[in-house]
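Taking the working numbering, the leading residue of the sequence shown gets 60, the next gets one more, and so forth.
No wet-lab data here; the hints were simulated from the structure.
Treat each hint with caution, since some may be false.
Unchecked claim - Below 35 Å or equal to it, Euclidean Cα-Cα: the simulated DSBU-like pairs (lysine-lysine) are:
| id | residue 1 | residue 2 |
| --- | --- | --- |
| 1 | K95 | K211 |
| 2 | K139 | K75 |
| 3 | K139 | K95 |
| 4 | K87 | K75 |
| 5 | K207 | K79 |
| 6 | K75 | K95 |
| 7 | K79 | K211 |
| 8 | K75 | K211 |
| 9 | K75 | K207 |
| 10 | K79 | K139 |
| 11 | K207 | K95 |
| 12 | K139 | K87 |
| 13 | K79 | K95 |
| 14 | K211 | K87 |
| 15 | K211 | K139 |
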Amino acid sequence: MINCYLGLGSNLRYPKRQLKQAITHLQKVPRSVVLKISSLYLSRPWGVRAQPPYYNMVLLLHTTLPPQQLLHYCQQIENKLQRVRKKHWGARTLDIDLLLYGQTNVQTHNLTIPHPHLLHRDFVLVPLLEIAPEVQLPNGQYVAHYLKFCEKHLRR
């Protein structure tokens, strides 16, 4: 089983409910088990600022699915919860990002792991470090090192 960290975010249609439903669906992904779930964090929007604040969280999923197949299941869940992709970094009912997939680097036309913005977003790093304080990037560097350098979006 591979340790895979997923970042979840929502700021439309009762975001807390959207995230709870997403977890329920993720618990049904074949050949996968949800092991840890972070607290919810409220954050300012990234990218397009004129939108409601986000609720964010990270979960640890053990899986034997290859990254592309896991991405497919995550996108199916987004679609079930009526994710509409109108504006890049715009408001959404649900966003599920593959942050880390074991110690694997992935670079394809539709998937990059580690997530390309992972180290720049406190609303991802803080919940990730809550459930995995010693997590490392595929190059062996500790993710915690980058928290002091990322943009501050969390509402404190």
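Those earlier numbered hints the structure runs against, lowest number first: Of the numbered hints given earlier, the structure breaks none, since each of them holds.
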